[in-house]
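Novice: Read off the chains here:
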Amino acid sequence: MSLQTDSGPSTKGKKDMTVAAEKQGGGVLAFVKKQAQQSLAFGTLIILVVFFSIASPAFLTWPNISGVLLATAVIGILALGTTFVIITGGIDLSIGTGMTLAAVMTGVFIVNIGLPVWLGVLGGVLTGGLMGFVNGVNIAFLRLPPFIATLAMMLIAQGLSLIISGVRPIYFSGIADDFKLIALGTLIPGLPNAVLITIVAALIAFVVLGKTILGRYTFSIGSNEEATRLSGVNTRRWKVMIYTFAGLFTGVAGVVIASRLDSAQPQLGVGYELQAIAAVIIGGTSLLGGRGSILGTVIGALIMSVVINGLRIMSIQTEWQNVVVGIVILIAVYFDTLRNRASA
Amino acid sequence: MTEPILKVEGISKSFPGVKALDNVHLEVHPGEVLVLVGENGAGKSSLMKILSGIYTKDAGRIFFEGKEVEIASPLHAQHLGVTIIHQEMNLMSDLTVAQNIYIGREPMIGPFLSEAKLNKTASDLLERLNINLNAKQHVGELTVAKQQMVEIAKALSFNAKVLIMDEPTSALTDTEVEVLFTLIEQLKASGTAIIYISHRMDELKRLADRVTVLRDGSYIGSLNKDEIDIPKVIEMMVGRHIDEGTRPAIRDKTSNETVLRVRGLSTKSLLRDVSFDLHRGEILGFAGLMGAGRTETARAIIKADPTTGGTVEYEGKVARIKQPADAVRLGIGYLSEDRKLLGLMLEQDVTFNTILASLPTFTDSIGIVRDGKAKTIARDKVSELRIKTPSIGQMVKLLSGGNQQKVVIAKWLVRDCDVLIFDEPTRGIDVGAKEEIYALLQLLAAEGKSIIVISSELPEILRVANRVIVMAGGRITGELHNEEASQEKIMHLATHGGGDE
Numbered sequence: 000m001s002l003q004t005d006s007g008p009s010t011k012g013k014k015d016m017t018v019a020a021e022k023q024g025g026g027v028l029a030f031v032k033k034q035a036q037q038s039l040a041f042g043t044l045i046i047l048v049v050f051f052s053i054a055s056p057a058f059l060t061w062p063n064i065s066g067v068l069l070a071t072a073v074i075g076i077l078a079l080g081t082t083f084v085i086i087t088g089g090i091d092l093s094i095g096t097g098m099t100l101a102a103v104m105t106g107v108f109i110v111n112i113g114l115p116v117w118l119g120v121l122g123g124v125l126t127g128g129l130m131g132f133v134n135g136v137n138i139a140f141l142r143l144p145p146f147i148a149t150l151a152m153m154l155i156a157q158g159l160s161l162i163i164s165g166v167r168p169i170y171f172s173g174i175a176d177d178f179k180l181i182a183l184g185t186l187i188p189g190l191p192n193a194v195l196i197t198i199v200a201a202l203i204a205f206v207v208l209g210k211t212i213l214g215r216y217t218f219s220i221g222s223n224e225e226a227t228r229l230s231g232v233n234t235r236r237w238k239v240m241i242y243t244f245a246g247l248f249t250g251v252a253g254v255v256i257a258s259r260l261d262s263a264q265p266q267l268g269v270g271y272e273l274q275a276i277a278a279v280i281i282g283g284t285s286l287l288g289g290r291g292s293i294l295g296t297v298i299g300a301l302i303m304s305v306v307i308n309g310l311r312i313m314s315i316q317t318e319w320q321n322v323v324v325g326i327v328i329l330i331a332v333y334f335d336t337l338r339n340r341a342s343a
Numbered sequence: 000m001t002e003p004i005l006k007v008e009g010i011s012k013s014f015p016g017v018k019a020l021d022n023v024h025l026e027v028h029p030g031e032v033l034v035l036v037g038e039n040g041a042g043k044s045s046l047m048k049i050l051s052g053i054y055t056k057d058a059g060r061i062f063f064e065g066k067e068v069e070i071a072s073p074l075h076a077q078h079l080g081v082t083i084i085h086q087e088m089n090l091m092s093d094l095t096v097a098q099n100i101y102i103g104r105e106p107m108i109g110p111f112l113s114e115a116k117l118n119k120t121a122s123d124l125l126e127r128l129n130i131n132l133n134a135k136q137h138v139g140e141l142t143v144a145k146q147q148m149v150e151i152a153k154a155l156s157f158n159a160k161v162l163i164m165d166e167p168t169s170a171l172t173d174t175e176v177e178v179l180f181t182l183i184e185q186l187k188a189s190g191t192a193i194i195y196i197s198h199r200m201d202e203l204k205r206l207a208d209r210v211t212v213l214r215d216g217s218y219i220g221s222l223n224k225d226e227i228d229i230p231k232v233i234e235m236m237v238g239r240h241i242d243e244g245t246r247p248a249i250r251d252k253t254s255n256e257t258v259l260r261v262r263g264l265s266t267k268s269l270l271r272d273v274s275f276d277l278h279r280g281e282i283l284g285f286a287g288l289m290g291a292g293r294t295e296t297a298r299a300i301i302k303a304d305p306t307t308g309g310t311v312e313y314e315g316k317v318a319r320i321k322q323p324a325d326a327v328r329l330g331i332g333y334l335s336e337d338r339k340l341l342g343l344m345l346e347q348d349v350t351f352n353t354i355l356a357s358l359p360t361f362t363d364s365i366g367i368v369r370d371g372k373a374k375t376i377a378r379d380k381v382s383e384l385r386i387k388t389p390s391i392g393q394m395v396k397l398l399s400g401g402n403q404q405k406v407v408i409a410k411w412l413v414r415d416c417d418v419l420i421f422d423e424p425t426r427g428i429d430v431g432a433k434e435e436i437y438a439l440l441q442l443l444a445a446e447g448k449s450i451i452v453i454s455s456e457l458p459e460i461l462r463v464a465n466r467v468i469v470m471a472g473g474r475i476t477g478e479l480h481n482e483e484a485s486q487e488k489i490m491h492l493a494t495h496g497g498g499d500e
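Residue numbers (numbering that gives the first Met the number 0), protein chains in the order written: chain A, 0 to 343; chain B, 0 to 500.
Simulated from the structure, these hints should not be mistaken for lab results. Be careful, since some hints might not be right.
[As the list claims (entries may be wrong)] A short, non-exhaustive set of chain A residues, derived as facing chain B with CB atoms under 7 Å:
{"id": "1", "residue": "T185"}
{"id": "2", "residue": "S230"}
{"id": "3", "residue": "G231"}
[What the hints assert, rightly or not] Far from chain B, by Cβ distances over 12 Å, these chain A residues were calculated:
{"id": "4", "residue": "L47"}
{"id": "5", "residue": "S55"}
{"id": "6", "residue": "F108"}
{"id": "7", "residue": "V110"}
{"id": "8", "residue": "W117"}
{"id": "9", "residue": "G122"}
{"id": "10", "residue": "V133"}
{"id": "11", "residue": "N137"}
{"id": "12", "residue": "I155"}
{"id": "13", "residue": "V206"}
{"id": "14", "residue": "Y216"}
{"id": "15", "residue": "F218"}
{"id": "16", "residue": "Q320"}
[Claimed, not checked] Straight-line C-alpha distance at most 25 Å; calculated DSS-like pairs for lysine-lysine:
{"id": "17", "chain 1": "A", "residue 1": "K210", "chain 2": "B", "residue 2": "K302"}
{"id": "18", "chain 1": "B", "residue 1": "K160", "chain 2": "B", "residue 2": "K204"}
{"id": "19", "chain 1": "B", "residue 1": "K204", "chain 2": "B", "residue 2": "K145"}
{"id": "20", "chain 1": "B", "residue 1": "K316", "chain 2": "B", "residue 2": "K302"}
{"id": "21", "chain 1": "B", "residue 1": "K48", "chain 2": "B", "residue 2": "K160"}
{"id": "22", "chain 1": "B", "residue 1": "K66", "chain 2": "A", "residue 2": "K210"}
{"id": "23", "chain 1": "B", "residue 1": "K224", "chain 2": "B", "residue 2": "K252"}
{"id": "24", "chain 1": "B", "residue 1": "K66", "chain 2": "B", "residue 2": "K119"}
{"id": "25", "chain 1": "B", "residue 1": "K372", "chain 2": "A", "residue 2": "K210"}
A virtual CB, placed ideally from N, CA and C, is assigned to each residue, including glycine.
My request is simple: use the sequences and hints to build the entire structure.
Specialist: What follows is the structure, encoded as structure tokens:
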């Protein structure tokens, strides 16, 4: 296609010359900037690992490392799902108690109803998906702010967990002895399955966010929802799908924690959502939406558990752990705002 | 005549790439209404922003009460007695009238606010101005006109000697306009000088003691009350000897089949019974002043905003459009006037933006995006439209305006839409790139696309459109074929239409 006009002679000659000035050389710099938060998080992780290794010889041993990874599993899986939600510019406060409800439902399906383990697990995962779906509908179609919609879902899930379980833990041992192997078995010797599940979940999240249409629209909606809508994308439907997809991760986390504890604990779960969100933020995903990565979230989740584990190994009181994690979040977000100001 | 209270001599102001004001004069006397007119972008707002201290001038002199002054900040302007009432209001709807008027200057008793004293002062002020308002009422409960009264009261509480009103009636109903005009008469009688910005000819006739015309940032002239003649003012606004530029070669396409038939399109707030046809291969221009309803028409067609009535037929069939996605599926693409806010993902790269509207065609059965195919298309479009970018991986934010616009166009070309609605396609784009966009529009039309171009620049409309529809006040006020169209005729329809009915 050539730019030939059927117009008069007026400005034809000069139009080739006067094309707007180019801003060259942005490519490499932009790439470095784009990776900055991740590299920062990764650097922090390395420094923490080195620091704790020197501080305590027990830190860099395989049992401890596998312990750290196991401790990362549940928060990590929650964080993976909620990364999608946060990239759309939303937030999901219901993942903590939602995870609990998924665990309780898994218990109900397997222990109370007596379904086979695989079916119970599927039911637990779908419970998470269903909560995500309801969140998505409330947010996309009823236009509730994500904060409010998921805050309500957080309370609903918490209440339902208690009601359905009768405020008592549901124990799997004796009825489904294999169930605990889901998290604690070792398909790969030395590596708990929970960690393997987290790795697989991370790979799936990575591919979906980076390579599929769902991931592309996740970024697109977070970058500019109205422009996405005007481009002919049914943004409301896609938002429901994104929240549903994120909900599936909540369901998986519910199954993993139930398996790890070999029981569904209805009192558990509150506070997990904030830790997961913290991991996402430390990993460089912007709360304003449009920017984020699965790799960052994985690193963010690892930073959190390394800090907690390291402090424990150094026999620092547990009370201090939250203080340190809080400071880590402040520093991470501060660097993020610095970067935003620099690029603005 | 008295000495001018405010006099401006030879003001110039440049922004990067644009000369907003060039050697502009203006003077206003106490007790006088000066109406400042000009097309969109003529420099009215820039001039007023200089007078109210928001911008600083590059050159020229300002005299206030005979003395030369430098207006350094909005606060300084207020101290002098020059106050501006902006188009968009700066009121806090959850505070009362009195609290709004004296915000930042609240009377205190010791460390505490004195609500009683505040209400008393405000009531006195309102009474003095003959404004019938309850000082204790929340501003959010008031009509727009009453809110404007609050703004005026606030301005006059600073003892404003010069009051600048920027299109104050744009959001008012007819009765509300009357209330405002009565107040203006009162202010005039009490010796306040008023600079009234408008492009509505009926208001000009009604209010003006004098009129000053700006065009393209230049001072064109002033007329006294007895010299004011509407055709003459319009002629001054558009300029008689402006080069009408080149016009499209094949001018009439109305014999082609109708692609888009719009009938009776209405919205709650603005549009009234908008009906028109768009033919295959035609470029249909939409002219009108700001707020005439052109963008609203486009958004109503693709149902980006809710409508209260009207039908859209596409290629002879009633189009069921409930949301923009439906319009796009039919092949109607809308390129927003606000490229950065509504057209592009600025933080994303060229490829991402190019394929955004047609992502499903770039994904396989399980939803994986085929990046290779996407990049190939992006590369094709970059060379086809001659988008100047170091790579297809470049963040769109870093491209120039013209190239950003081309990325938006590329997005819709990839989507293969048959109807393209361009809203201000060359806004913020330099001259050379504009020509490229025009050429592209004509090429697309020649290929059989049907195009609507909404533009506030009359030469641009005349340059590309086969047919021109003029809107004013949410209605279509006229239709001109390119051969018969001129800037004066369009301007006449754009400024008169509403009032003549």
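Novice: Take the hints in turn and mark each one as holding or not.
Specialist: To see whether the hints hold, each was checked on the structure:
1. A least Cβ separation of about 31 Å between T185/A and chain B goes past the 7 Å threshold, and the interface hint is therefore violated.
2. For the restraint placing S230/A at the interface with chain B, the shortest Cβ-Cβ distance is roughly 4 Å, inside the 7 Å limit, so the hint holds.
3. At about 3 Å, the closest approach between the beta carbon of G231/A and any beta carbon in chain B falls short of 7 Å, and the interface hint on this residue holds.
4. L47/A, annotated as away from the interface, keeps every beta carbon of chain B farther than 12 Å; the closest lies near 30 Å.
5. Here S55/A stays apart from chain B, with its beta-carbon at least about 42 Å from theirs, past the 12 Å limit.
6. Non-interface status of F108/A relative to chain B is upheld: no Cβ of that chain comes within 12 Å, the nearest being about 28 Å off.
7. Interface exclusion of V110/A from chain B stands, the closest Cβ pair being 35 Å apart, more than 12 Å.
8. Residue-level check passed: W117/A sits 23 Å from the nearest beta carbon of chain B, beyond 12 Å.
9. Listed as outside the interface, G122/A is consistent with that label: its C-beta sits roughly 24 Å from the nearest C-beta of chain B, beyond the 12 Å cut-off.
10. Residue placement check: V133/A keeps its beta carbon more than 12 Å from all beta carbons of chain B (closest about 22 Å).
11. Distance check for N137/A against chain B: the nearest CB is about 19 Å away, which clears 12 Å, and the non-interface claim stands.
12. Residue-level check passed: I155/A sits 30 Å from the nearest beta carbon of chain B, beyond 12 Å.
13. For V206/A, the requirement that its beta carbon stay farther than 12 Å from each beta carbon of chain B is not met, with the minimum near 8 Å.
14. Chain B draws Y216/A into its interface by the beta-carbon criterion, the shortest separation being 7 Å against a cut-off of 12 Å.
15. Distance check for F218/A against chain B: the nearest CB is about 7 Å away, which does not clear 12 Å, and the non-interface claim fails.
16. Every C-beta of chain B lies more than 12 Å from that of Q320/A, the closest at about 35 Å, which supports listing it as non-interface.
17. Taking the CA atoms of K210/A and K302/B, the gap is near 31 Å; set against the 25 Å cutoff, the hint is violated.
18. For the proposed pair K160/B and K204/B, the alpha carbon gap of about 23 Å is at most 25 Å, so the pair holds.
19. About 24 Å separates the Cα atoms of K204/B and K145/B, which keeps this hinted pair within 25 Å; it holds.
20. Annotation: proposed proximity of K316/B to K302/B holds, straight-line Cα distance about 17 Å (limit 25 Å).
21. Between K48/B and K160/B the CA atoms are separated by roughly 17 Å; this keeps the pair inside 25 Å, and the hint holds.
22. Restraint check for K66/B and K210/A: the C-alpha separation of about 68 Å exceeds 25 Å, so the hint is violated.
23. Distance restraint check for K224/B and K252/B: the Cα-Cα separation of roughly 45 Å exceeds the 25 Å cut-off, and the hinted pair is therefore not satisfied.
24. At most 25 Å may separate the alpha-carbon atoms for a hinted pair to count; K66/B and K119/B exceed this at roughly 35 Å.
25. For the given pair, K372/B sits about 13 Å from K210/A by alpha-carbon distance, which is consistent with the 25 Å threshold.
When each numbered hint is compared with the structure, violations occur for hints 1, 13, 14, 15, 17, 22, 23 and 24.
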